[in-house]
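**Q** Build out the structure end to end from the sequences listed, making use of the hints.
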Amino acid sequence: MDPECSQLLPALCAVLADPRQPVADDTCLEKLLDWFKTIADAGSSLLLLQENPCLVTLLCPVLKPQDLSPRVLAFLLRLAGILAAQEDCFQHLQQGDLLPRLFGEAGPLGGAAWTAPTVRSGWIQGLCSLTQHPSALCFLAHSGAVDTIFSLQGDSSLFVASAAGQLLVHILGLSMQAPAEGHPSLQPAHWPACAQKIVGHIEESLRATATPQVTQALNVLTTMFSHCHDPWTQVLWVHLSPLVACLLEKDPVPAAHSLVDLLLSVARSPVLSSSSCGLWDTLAQTLSRLRASQAGPLALGILKLQECPKALRAQAFAVLLQPLTCVLEATTQAPGLPGSVGGTADAPLTAGMLLPSKAACVGLLCQTLAHLELLQPLPQRPSPWPWAPLLSAAVTILRLCNGSATPTSDTGTHLCAFLAGCVRVQRAALDFLGTLSQGTGPQELVTQVFAILLEYLTSPDSSPTVLKKAFQATLQWLQSSPKPSGGGDLEPHAQLFLRELLPVLPKRLCSPCWDVRDSGLEFLTQTVRRWGGQAGFRHALLASEVPELTEQLLRDPESYVRASAVAAMGQLSSRGLHIIPASPGHPGAQQSLLEELLHILSTDSEGFPRRAVMQVFTQWLRDSHADVAADTEHFVARVLRVASQDLDWEVRAQGLELALVFLEQTLGQPSSSCPYAMTPPAAAPPSLVAQALQPFCRVQLFDFAFRALFDCDRPVAQKSCDLLLFLRAKTASYSDQQGSSSGPDVASLEAALQRWQAGDQGQPLGDLEPEAVVAVLRSLDLEGLRGALAESSDHAEQSPLSLLQDMLATAGILGENEADCY
Amino acid sequence: MPEIRVTPLGAGQDVGRSCILVSIGGKNVMLDCGMHMGFNDDRRFPDFSYITRNGRLTDFLDCVIISHFHLDHCGALPYFSEMVGYDGPIYMTHPTQAICPILLEDYRKIAVDKKGEANFFTSQMIKDCMKKVVAVHLHQTVQVDDELEIKAYYAGHVLGAAMFQIKVGSESVVYTGDYNMTPDRHLGAAWIDKCRPNLLITESTYATTIRDSKRCRERDFLKKVHEAVERGGKVLIPVFALGRAQELCILLETFWERMNLKAPIYFSTGLTEKANHYYKLFITWTNQKIRKTFVQRNMFEFKHIKAFDRAFADNPGPMVVFATPGMLHAGQSLQIFRKWAGNEKNMVIMPGYCVQGTVGHKILSGQRKLEMEGRQVLEVKMQVEYMSFSAHADAKGIMQLVGQAEPENVLLVHGEAKKMEFLKQKIEQEFRLLPDAKKPRLLHGTLIMKDSNFRLVSSEQALKELGLAEHQLRFTCRVHLHDPRKEQETALRVYSHLKSVLKDHCVQHLPDGSVTVESILIQAAAHSEDPGTKVLLVSWTYQDEELGSYLTSLLKKGLPQGAT
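These protein sequences, in sequence, are chains S and L.
With the first letter of the first sequence counted as 1, position 565 gets the number 565 in the numbering used here; the numbers rise by one all the way through.
Every number in the numbering used here is 822 more than the matching position in the second sequence, counting from 1.
Hints are not guaranteed to be accurate.
[Said to hold, decoys possible] Here are the simulated distance ranges between beta carbons: (1) S/Lys310 to L/Gln1310: 52 to 60 Å; (2) L/Thr963 to S/Arg529: 42 to 50 Å; (3) S/Glu444 to L/Ser1375: 43 to 51 Å; (4) L/Gln1198 to S/Trp35: 20 to 28 Å; (5) S/Glu545 to L/Pro1138: 50 to 58 Å; (6) L/Asp1042 to S/Gly421: 40 to 48 Å; (7) S/Glu444 to L/Glu971: 49 to 57 Å.
[Said to hold, decoys possible] Just a sample of chain S residues kept apart from chain L, beta carbon distances all over 12 Å, derived: (8) Ala40; (9) Ala42; (10) Glu455; (11) Glu545.
In short, the hints are calculated from the structure, not lab data.
No residue lacks a Cβ here, since even glycine has one placed at the ideal position from N, Cα and C.
**A** So, in structure tokens, the structure goes:
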């Protein structure tokens, strides 16, 4: 422990032990525990106690828990647990008889403090920390703590109940690993007493008629099989599996959700799944016993397993597909014909399962679609994957939702009534449809996909979230369209679709909902980036109102939309798709996009559009956009002048990024071998280096970069540091030759740096000589600065010393600011 | 009593990362999704594992409701929706929808700026999250789905803050979020109708406090600013971009106008414009006084408050600067503080709570020598003041709200356990035990005037004495049902359906074929023109009005196929 902290600790302990002193901030005690945990993990807890006897004194007031606040009491229990995790320290505390009085009947357990969930939680966490060695197990056995933990499993606080379950798992695991016990016996009857007691409790709970008790037992087992893969777990499963199987005979199956979790954790356990232990039969039986909504997650879990019998996988897949099969049957002329998902001959599900209520129908369909979406990208998904029927099902569901499907049965009619206008199902189906773009389907179905997507994109009934999903799915399908063999970027079908879509887009760009306008613009940016060079698309786009509307959206009242419009316009312009509109009302108002974007950068009151402009400008500079290439230096100078003054640090950081691109383009990449880059060669003559740096002086890049070095926002300073280090590396050979430089320029620059470092803003530097820049670059400790910046400003604030000082300073200050949360 | 399950995932018995899961009538609703500013690790967000272990988030949760824009109520939202994976609807009021992203963005920028956090939600994530928001109006009943409906009530506290009623069938919960029962300079007082929810979940920040009037605190604040400016000092007020900043701006603007003060007031970020724009836009959410004067002058168009330029901090003479962030832990406010801290003429006023570790927390706890980055020590000579402007209901206000809503049960959250215990007893005393003789109570009875005497008797007694027969007032309603079966069979199906749905009520199938639920009578008759349709004649007494309307709406949805 830091000596400064060690000095403050006694005072702090005195404050904590004093019930009249309030604890300033509810996070302080948590942070204090974090600190003690770090110290204990790094060294000896016993030594810590011996060197800081105030800690033992601190633990003593727990013996009078009624005097302490529940928060402090819980803290002390947890602290004792952390310290007693090491066996020698445990013994030390035992000698003082402290532990039984902390965690036994004599402690808070029997008193009024126990009514506070915080104290019960602290008691469990303390025990969980200390249960790390055989001595702790003996202590638990003798103190009767295990019985208390059993009762806490049903605690009114869910967090206490959950922690109690986890503690049982922890104790069971440790007692089975105890070296004194040797190799675990094949019979739980011969296991250590503590383990037997816990297993006995689990058995009893599994036999209980009350569902909460069954749930508790199942949850404990799930946690255990998920985290512990020792051989004895197999013995335990063999012992308990008949009781678990008995649960399946009850109607309805109790705690179905927890049962599914348990069976899957067992199936995932390398120890258990390899030997099966009747597990596969139990899984198969469970699949057939559970309701569709309960069986879905189990089926998905089975299909995600790496190893599993084929028959079980087939059964699970059939269960997973059942709801979609029903949908297809309800809307096809001849139910059960090929085209239905997975074949329906032996699917036991009837449409009735989908129809008890709208809520059940919607829930089941959403769950199924989400499960299939999760399963599809996995390598262990069933093969062959039924692309076509799944596509057909997704399209049908979307049609049922927008009322364009024709039901062919009563079930279909009901489905229509349930799903019409249901946003939740629409969202799930569109997500799934997007994922299905990864595969192949018959052309006829792909046509249907584009048709339904177009319907959704056109429909005035589509909600903003549905539209966003429809745009995303559309993009996925367009991207996955195969390229035609004769050249061109899009197959004719998709091309036709895009042409049909472009007249729809203006409507969305004029939507009164900002999110719809924004989603439309995001879609446009993506499509232009991808197909902006494709003749058919270009022609259709230019013939539409889209470019003009996008340009108008640069002045949208919503800043998110303005930012997206900036990105879209940047992309359109890069692709030569931006045409300056002839505006009859304002003949003189025509200006280049560059000017318009600069205007946004200088005047927009929001950060998003300004940041978007900087991104566009940086990209333009990288791509040598025509407007930039015409006079790059002039462009960079103008942009940097505005960006360096911005109040948003992200804009300033992006300004430095643009400056770095300019540097790289002029001087060459750090490891570049570009023959055209003007790189000062090794041992370059001074005049050449000065010449190379002149453009940067002219665009005032150094003024911006040096000032940014002491920016109050850390990322800006970091960026500037990187930029100057790059520059120094490039000019290193030159400065080596020059020796120390001490001209008047250097002195004024160094003086300015000192002022900036002190927080003064001051006037701009004016014209700088490259030689002075190089000299100052060499004298600056940029590496040191970079190291300091990398530490983050939390470094000082979050130190243990700062924590102790804050807690001590707050002691005695009573006030309402404690509860006054922002 | 229907089962309503409440799981606080945060802010159960503390303040910060408010997040409460309510299960009601088979629906799961998350109330608020806040963050805790005092932590930098996982603990800053609520523990969502309780939900994720119940299956997919979007399947499990029916909706998320955000009460107001403060970060301890909405700060975890982009993390929850874009990183944990919730894809369902998020409900909030229109002002909250407009202002929430500004604060989230502010928070993100500070987190990334200060700590360089890379694995943090991005601007794009905030935007995508906001696209999932459905904005609601006050008192508008919003159908989340066929069974779940929500309704917002005015909560005061901050612009756009709302209390929400969540209703499934005849079961309901009211969640207050943070609220204020007394109007302040720019907002009105919280109000809710007598909705008699099964459960009222109320904040209890000031569970044991009767707060002094906010006017006193405002006067103190103005006095201190004025004194500092008069002696030529500079005043720094660290604030978050939006919320308290606007309230204090109104305060200073009015004071400057009245006192004809000339010292400049600056707001240090570019966010003022947008914030003020929203305050102007949502003028209907402010209090009556601001709304009334709106025609002559918009209180949010400030004459004296100007945008700040970084170079102004070095200007000589007095000035007042509002700078972000509010806890002096990074950026502009910290930079100005470092510059001004050494001069005893200057003053810093902290108008809100600061978490441990921040410079704000340190100076409020009286520390005057601060270790800054690089082991530099900053000596603080400037005057340090704390002014609480938080607008929560005090104990009296909470009791008032309980009295207004008349809930069956009250659950206290967002406060300290000890204080909650005290308030719990107060509520039980006030609303559950023997009536207080001095407190007005509602009585039903009949006043009889006879022989110049007045007597208040029960209605039954009055009828008996006067020899009158009681009139039965019944509501009636006809519900058309598509069912080709005979009337008796239809009635039987209605009986089975209601029996399965209304488990807590007495549902009977009478020998004459009619069905009764408490006082409600249902008879099935054939339709005169359409043999495939049956008409259900439903009637009920006024005492069972609520159940009657619920039952009618239930029957209008039709009968399930399986009901026989």
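**Q** Range first: 40 to 48 Å. Now tell me if the beta carbons of aspartate 1042 of chain L and glycine 421 of chain S are that far apart.
**A** At roughly 56 Å between Cβ atoms, glycine 421 of chain S and aspartate 1042 of chain L fall outside 40 to 48 Å, so the hint is violated.
**Q** State, for the Cβ atoms of glutamate 444 of chain S and glutamate 971 of chain L, whether the hinted interval 49 to 57 Å holds or is violated.
**A** Violated, since glutamate 444 of chain S and glutamate 971 of chain L (Cβ atoms, about 43 Å apart) do not stay within the stated range.
**Q** Is the distance from the Cβ of lysine 310 of chain S to the Cβ of glutamine 1310 of chain L consistent with 52 to 60 Å?
**A** holds, 53 Å
**Q** Is the nearest Cβ of chain L still more than 12 Å from the Cβ of alanine 42 of chain S?
**A** holds, 19 Å
**Q** Does glutamate 545 of chain S clear chain L by more than 12 Å, comparing its Cβ with all Cβ atoms of that chain?
**A** holds, 24 Å
**Q** For glutamate 455 of chain S, is the shortest beta carbon distance to chain L beyond 12 Å?
**A** holds, 21 Å
**Q** In this structure, is the beta-carbon distance linking glutamine 1198 of chain L and tryptophan 35 of chain S contained in 20 to 28 Å?
**A** holds, 24 Å
**Q** Taking 12 Å as the cut and beta carbons as the points, is alanine 40 of chain S off the interface with chain L?
**A** About 18 Å separates alanine 40 of chain S from the closest Cβ of chain L, which puts it past 12 Å; holds.
**Q** Starting from the range 50 to 58 Å, see whether the pair glutamate 545 of chain S and proline 1138 of chain L falls in it by beta-carbon distance.
**A** For proline 1138 of chain L against glutamate 545 of chain S, whose Cβ atoms are near 56 Å apart, the range 50 to 58 Å holds.
**Q** For the hint 42 to 50 Å, verify it against the beta carbon of threonine 963 of chain L and that of arginine 529 of chain S.
**A** Roughly 44 Å apart at Cβ, these two residues keep to the hinted range, so it holds.
**Q** Do the beta carbons of glutamate 444 of chain S and serine 1375 of chain L sit within 43 to 51 Å of each other?
**A** Between glutamate 444 of chain S and serine 1375 of chain L, where Cβ atoms are some 44 Å apart, the hint holds.
Violated hints, in rising order: 6, 7; the structure is consistent with all others.
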